[in-house]
Amino acid sequence: REEMAKSTQLIDNEVFRAFATYAAIVLLKMMLMSLVTAYFRITRKAFVNPEDTASFGKGESAKKYLRTDPDVERVRRGHLNDLENIVPFVGIGLLYALSGPELSTALLHFRIFTGARILHTFAYLIPLPQPARGLSWAVGYSVTFSMAYKVLKTALLL
Amino acid sequence: REEMAKSTQLIDNEVFRAFATYAAIVLLKMMLMSLVTAYFRITRKAFVNPEDTASFGKGESAKKYLRTDPDVERVRRGHLNDLENIVPFVGIGLLYALSGPELSTALLHFRIFTGARILHTFAYLIPLPQPARGLSWAVGYSVTFSMAYKVLKTALLL
Amino acid sequence: REEMAKSTQLIDNEVFRAFATYAAIVLLKMMLMSLVTAYFRITRKAFVNPEDTASFGKGESAKKYLRTDPDVERVRRGHLNDLENIVPFVGIGLLYALSGPELSTALLHFRIFTGARILHTFAYLIPLPQPARGLSWAVGYSVTFSMAYKVLKTALLL
Numbered sequence: 002r003e004e005m006a007k008s009t010q011l012i013d014n015e016v017f018r019a020f021a022t023y024a025a026i027v028l029l030k031m032m033l034m035s036l037v038t039a040y041f042r043i044t045r046k047a048f049v050n051p052e053d054t055a056s057f058g059k060g061e062s063a064k065k066y067l068r069t070d071p072d073v074e075r076v077r078r079g080h081l082n083d084l085e086n087i088v089p090f091v092g093i094g095l096l097y098a099l100s101g102p103e104l105s106t107a108l109l110h111f112r113i114f115t116g117a118r119i120l121h122t123f124a125y126l127i128p129l130p131q132p133a134r135g136l137s138w139a140v141g142y143s144v145t146f147s148m149a150y151k152v153l154k155t156a157l158l159l
Numbered sequence: 002r003e004e005m006a007k008s009t010q011l012i013d014n015e016v017f018r019a020f021a022t023y024a025a026i027v028l029l030k031m032m033l034m035s036l037v038t039a040y041f042r043i044t045r046k047a048f049v050n051p052e053d054t055a056s057f058g059k060g061e062s063a064k065k066y067l068r069t070d071p072d073v074e075r076v077r078r079g080h081l082n083d084l085e086n087i088v089p090f091v092g093i094g095l096l097y098a099l100s101g102p103e104l105s106t107a108l109l110h111f112r113i114f115t116g117a118r119i120l121h122t123f124a125y126l127i128p129l130p131q132p133a134r135g136l137s138w139a140v141g142y143s144v145t146f147s148m149a150y151k152v153l154k155t156a157l158l159l
Numbered sequence: 002r003e004e005m006a007k008s009t010q011l012i013d014n015e016v017f018r019a020f021a022t023y024a025a026i027v028l029l030k031m032m033l034m035s036l037v038t039a040y041f042r043i044t045r046k047a048f049v050n051p052e053d054t055a056s057f058g059k060g061e062s063a064k065k066y067l068r069t070d071p072d073v074e075r076v077r078r079g080h081l082n083d084l085e086n087i088v089p090f091v092g093i094g095l096l097y098a099l100s101g102p103e104l105s106t107a108l109l110h111f112r113i114f115t116g117a118r119i120l121h122t123f124a125y126l127i128p129l130p131q132p133a134r135g136l137s138w139a140v141g142y143s144v145t146f147s148m149a150y151k152v153l154k155t156a157l158l159l
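Protein chains in written order, with this note's numbering: chain V, 2 to 159; chain H, 2 to 159; chain E, 2 to 159.
Source of the hints: derived by calculation from the structure; they are not laboratory data. The reader is advised that the hints may include incorrect statements.
Note: identical chains are not told apart, hence a pair may lie in one copy or across any two.
[Claimed, not checked] Taking lysine to any residue pairs in the SDA-like style, the calculated list, with each CA pair at most 25 Å apart, reads: (1) K151 x T22; (2) K154 x P132; (3) K59 x L136; (4) K46 x F57.
Small disclaimer: the values here were computed from a predicted structure and weren't measured.
Chain V extracted, bound-state conformation (with noise of 0.2 Å):
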């Protein structure tokens, strides 16, 4: 049906696929650093809503968990760092998808920008020794800024 058509053109088109790809990678790479923190919070004991700790009991029993621990805390960092560097990465990663790149060269943007940031959550979570988690996270950056700068080029209409 043409309806089916419409809706498969985009998905047929090969650049877009493979930011489909890519891009469901790395929100799914974001989306585990919830189970991540979630599993540092039960196995650290350290929960921030009071009606987490319920279950241990009630009053000071349970009070003591409410606290912050230095694991949580580090997961919960690299995860917003995700959020800061992963949302553009998706956000200008589809205007240049649509702006007519050559499949290898959005490729190469693609998955170095994955590549980084995957490196950038060991780094982050190990910990390595810097610049390990700052060199990650700069090829990360400069790959969506390269995609902006192609965008802008591309598409600009102020």
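Dock chains H and E against the given chain V, drawing on the hints supplied.
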């Protein structure tokens, strides 16, 4: 005009229309958290920027309103949780809507996610006893994973 | 090639080109907040991860740089506010651009939002006395609501 025809092409697709509807609803819901935060900041007189308390006078009389408040912090955590979950839904949901799903399947995903996130907000703000917040979070999370699976199955190009 | 024609279809649409331009600008503006944060962390010597202070020596001499700084925290609040407002603009703005608005109306929305968020950043970082920050926030917020209204009016399929 041809220009016009192009621009309304996607919006004529029923799955895309459903996505646009639910994406707008959950993004508006997320934005409402800003108003709830502002409401609690003003009624609890709990601010973070010195320039925000200038209307309460100068010096110590205003400084005492630079403080954290449990209700304000709770709304802010709910808002951050929305960013961590609604943003991936919008990104992955857009790719999913373009991957040619059945309208009924797509509607099921969008409706369950939207319902779960509205429940999550009430569970966080009232707050409801656990596992209300945990379960509503997990339902929304699973819906997004299900859509990501469909996107990767349809579009995979690494 | 037909593939190519498809990929540049959306980007040939003037409203979509305008959206791509302003979305790229506000996302780049948001990303700049990371650099401003890094600048203040380095000049104020205020870090949060122990591995970031290793170059200052070991033990107590480095530990004193693990601290919060009011300027760093201010930039971080501005960055979070960008995430809370620019991300919904990009999501809703994309749907709006595909809902077939007049180019002049769309440009008005995109330009006012972008101007308001740039003002908001200056109001936050300088900082300007209130209500400069509050008003610039409210203007951007209202523009996004206006676009969401158009999206729901055009696309509504619940």
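Now the hints, each set against the structure:
In the homo-oligomer, the alpha carbons of K151 and T22 lie at most 25 Å apart both inside one protomer (20 Å) and across protomers (11 Å), since each shortest distance falls under that limit. Taking CA atoms no more than 25 Å apart as the test, K154 paired with P132 passes in neither setting, with 32 Å inside one copy and 36 Å between copies. Taking the closest pair of Cα atoms, K59 and L136 come within 25 Å of each other only across two copies (22 Å); inside a single copy the shortest separation is 46 Å, beyond that limit. With identical chains, the CA atoms of K46 and F57 are at most 25 Å apart within one copy only, with a shortest distance of 10 Å there and 33 Å across copies.
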